[in-house]
Amino acid sequence: MWNMFADRDIKHHAHTRRFYANAYSMASLIHYEPYLNECGALFSQRLLEFSKAGTAADFGHWFQCFAFDAIAMMTYGKRLGFLDRGEDIANVIDNLDNNLLYASLMGIFPALHKFAMPLLAMIDARIGSGTGMYVIDFTRKTIEDERASPKSVAEATYQEDGAAVGETFLSKFLAKHSNNPDEYSNFLVLTGCASNMFAGSDTTGISLSAILYNLLKNPDSMGKLREEIDDFTRRGELSQAPSFKETQKMPYLQAVIKEALRVHPAVGLPWERVVPEGGATIGGRFFPEGSIVGINSWVQHRNKALFGEDAEHFRPDRWLISDEARLSVMNRNWMPFGLGSRTCMGKNISMLEMSKLIPRIIRDFEFKLEGASAMPGCSWETHNAWFVKPRKFYATVRSRKTA
Numbered sequence: 001m002w003n004m005f006a007d008r009d010i011k012h013h014a015h016t017r018r019f020y021a022n023a024y025s026m027a028s029l030i031h032y033e034p035y036l037n038e039c040g041a042l043f044s045q046r047l048l049e050f051s052k053a054g055t056a057a058d059f060g061h062w063f064q065c066f067a068f069d070a071i072a073m074m075t076y077g078k079r080l081g082f083l084d085r086g087e088d089i090a091n092v093i094d095n096l097d098n099n100l101l102y103a104s105l106m107g108i109f110p111a112l113h114k115f116a117m118p119l120l121a122m123i124d125a126r127i128g129s130g131t132g133m134y135v136i137d138f139t140r141k142t143i144e145d146e147r148a149s150p151k152s153v154a155e156a157t158y159q160e161d162g163a164a165v166g167e168t169f170l171s172k173f174l175a176k177h178s179n180n181p182d183e184y185s186n187f188l189v190l191t192g193c194a195s196n197m198f199a200g201s202d203t204t205g206i207s208l209s210a211i212l213y214n215l216l217k218n219p220d221s222m223g224k225l226r227e228e229i230d231d232f233t234r235r236g237e238l239s240q241a242p243s244f245k246e247t248q249k250m251p252y253l254q255a256v257i258k259e260a261l262r263v264h265p266a267v268g269l270p271w272e273r274v275v276p277e278g279g280a281t282i283g284g285r286f287f288p289e290g291s292i293v294g295i296n297s298w299v300q301h302r303n304k305a306l307f308g309e310d311a312e313h314f315r316p317d318r319w320l321i322s323d324e325a326r327l328s329v330m331n332r333n334w335m336p337f338g339l340g341s342r343t344c345m346g347k348n349i350s351m352l353e354m355s356k357l358i359p360r361i362i363r364d365f366e367f368k369l370e371g372a373s374a375m376p377g378c379s380w381e382t383h384n385a386w387f388v389k390p391r392k393f394y395a396t397v398r399s400r401k402t403a
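Per this note's numbering: the sequence shown = residues 1 to 403.
Hint data in this document are derived by calculation from the structure and do not stem from the laboratory.
Treat each hint with caution, since some may be false.
Stated by the list, open to error - The calculated lysine-lysine pairs, modelled on BS3-like cross-linking and capped at a C-alpha distance of 27 angstroms, are: (1) K224 with K245; (2) K176 with K347; (3) K11 with K347; (4) K304 with K217; (5) K141 with K172; (6) K347 with K245; (7) K249 with K224; (8) K217 with K347; (9) K78 with K347; (10) K245 with K258; (11) K224 with K304; (12) K224 with K401; (13) K368 with K217; (14) K224 with K347; (15) K392 with K258; (16) K78 with K141; (17) K347 with K172; (18) K401 with K368; (19) K78 with K176; (20) K304 with K347; (21) K368 with K224; (22) K249 with K217; (23) K172 with K78; (24) K217 with K258; (25) K258 with K368; (26) K392 with K368; (27) K217 with K392; (28) K52 with K392; (29) K11 with K176; (30) K401 with K217; (31) K347 with K258; (32) K258 with K304; (33) K52 with K401; (34) K172 with K245; (35) K224 with K258.
These numbers were taken from a predicted model, which means no experiment stands behind them.
With the hints as extra help, turn the sequences into a complete structure.
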């Protein structure tokens, strides 16, 4: 299925992006908060169950479960059931991993695609079909249900600080389509919703894992963050279900999120671009037009000239300096979501999810790394197939009370 991510036509991409842009804007974030509050409460309930059972949980898996149900709630107004069951619903995660592995290999060796795809399709029907068909069929049915029985404004929204909240991506896309069906087709509604599901779980799940893992490996940073969270809670400035507005006033929380995404950006392959007509000179080397060039955020984020001599290390305080010139340099080169016109559409949504969930679970629970990654000098196991996913990220949980 065509999607905006793979559209190499600059003008067409920009035109399509305008159809979706408002739904992902900062101003739209409040519309999705009730859905994230529900998923956050359910995630906390699962953690409480782990705490009572005294069992370790694979947080790489559970954060992806959260991210899948969260993006489903924001897109359709209902969960797929990942958090309810703790299972890979319809093998969506497994199939998505298979698709990403195939896409990564064929992206690096594109000449093999025309030979590999027919063979793999015969051997394993999951490649190119499993995840897509489940999500697309689910999306089609939800669109049909919405059109057959649309919610009234009173049912779909409620007021918070004078702003309407509770709208879904689907309701926004359908409204766009109703206003201009010729330009904003049913196909764009379908692909917009489905793309949320394909792209909105791995990235946020990985980022949530990176935040918790780096906090657990750096107890001083965990202590600072917990102190800030507890302080805001005591002052009545952090709700049981933290609001995005509240979390934006928490400087250390935002620094932790930013630093975790610097040391572990979700995307592990270069952000590629095609050299335009006339060629380009980059780093003293000339590349003819049509060449594919790119930079890997893992490389850029470890550039000591940009991020300091300790660029290899997790240190949130680097973002809390008063040197505006240095901050400007770091911000310009911080690219976990890409840069420019191809910046990830879901950047604000992912930041919303992280900003709301992390302070909630750090305030309410204690975590302890388990397994090999807990050993001094050891790090967690990851696998790079476009997204750099953690493996066997086990931790135990214990309920805590805010002082």
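We went through each hint and held it up to the structure:
Restraint check for K224 and K245: the C-alpha separation of about 21 angstroms stays at or below 27 angstroms, so the hint holds. At most 27 angstroms may separate the alpha-carbon atoms for a hinted pair to count; K176 and K347 meet this at roughly 21 angstroms. A hinted pair counts as satisfied when its Cα atoms are at most 27 angstroms apart, and K11 with K347 qualifies at roughly 21 angstroms. Between K304 and K217, the direct Cα distance comes to roughly 22 angstroms. Compliance with the 27 angstroms bound is thereby established for this hinted pair.
Pair hint K141 plus K172 holds up; C-alpha atoms about 17 angstroms apart against a cutoff of 27 angstroms. Proximity of K347 to K245 is assessed by CA-CA distance (about 17 angstroms); at most 27 angstroms being required, the pair is judged to hold. Proposed proximity of K249 and K224 is supported: the alpha carbons are some 15 angstroms apart, at most 27 angstroms. With a C-alpha separation of about 26 angstroms, the suggested pair K217 and K347 falls inside the 27 angstroms cut-off, and the hint holds.
Distance check on the hinted pair: K78 and K347 sit about 21 angstroms apart at the alpha-carbon level, within 27 angstroms; holds. Between the alpha carbons of K245 and K258 the distance comes to roughly 17 angstroms, so the proposed pair stays at or under 27 angstroms and holds. Proposed proximity of K224 and K304 is supported: the alpha carbons are some 25 angstroms apart, at most 27 angstroms. Taking the CA atoms of K224 and K401, the gap is near 17 angstroms; set against the 27 angstroms cutoff, the hint holds.
Note on K368 and K217: the hinted pairing holds, with a Cα-Cα distance of about 10 angstroms set against a maximum of 27 angstroms. This hinted pair checks out: K224 and K347 have alpha carbons roughly 26 angstroms apart, not beyond 27 angstroms. Proximity of K392 to K258 is assessed by CA-CA distance (about 24 angstroms); at most 27 angstroms being required, the pair is judged to hold. Distance check on the hinted pair: K78 and K141 sit about 13 angstroms apart at the alpha-carbon level, within 27 angstroms; holds.
Taking the CA atoms of K347 and K172, the gap is about 18 angstroms. The hint holds against a cut of 27 angstroms. Pair hint K401 plus K368 holds up; C-alpha atoms about 16 angstroms apart against a cutoff of 27 angstroms. Annotation: proposed proximity of K78 to K176 holds, straight-line Cα distance about 21 angstroms (limit 27 angstroms). A threshold of 27 angstroms between alpha carbons decides the hint, and for K304 with K347 the separation of about 25 angstroms falls inside it, so the pair holds.
For the hint linking K368 to K224, the alpha-carbon distance of about 17 angstroms falls within 27 angstroms, and the restraint holds. Taking the CA atoms of K249 and K217, the gap is near 25 angstroms; set against the 27 angstroms cutoff, the hint holds. Taking the CA atoms of K172 and K78, the gap is near 15 angstroms; set against the 27 angstroms cutoff, the hint holds. Distance hint between K217 and K258 is fulfilled; the C-alpha atoms sit about 16 angstroms from each other, no more than 27 angstroms.
Proposed proximity of K258 and K368 is supported: the alpha carbons are some 22 angstroms apart, at most 27 angstroms. Taking the CA atoms of K392 and K368, the gap is near 14 angstroms; set against the 27 angstroms cutoff, the hint holds. Between K217 and K392 the CA atoms are separated by roughly 15 angstroms; this keeps the pair inside 27 angstroms, and the hint holds. The hinted pair formed by K52 and K392 meets the criterion: a straight-line CA distance of about 21 angstroms does not exceed 27 angstroms.
A C-alpha spacing of about 20 angstroms is found between K11 and K176, which places the hinted pair at or below 27 angstroms, so the restraint holds. For the hint linking K401 to K217, the alpha-carbon distance of about 22 angstroms falls within 27 angstroms, and the restraint holds. For the proposed pair K347 and K258, the alpha carbon gap of about 12 angstroms is at most 27 angstroms, so the pair holds. Taken as a hint, the K258 and K304 pair is honoured in the structure, with Cα atoms around 17 angstroms apart against an allowance of 27 angstroms.
With a C-alpha separation of about 15 angstroms, the suggested pairing of K52 with K401 holds against the 27 angstroms cut-off. At roughly 22 angstroms between alpha-carbon atoms, K172 and K245 fall within 27 angstroms of each other, so this suggested pair holds. As the CA atoms of K224 and K258 are separated by approximately 15 angstroms, the hinted pair is consistent with the 27 angstroms bound.
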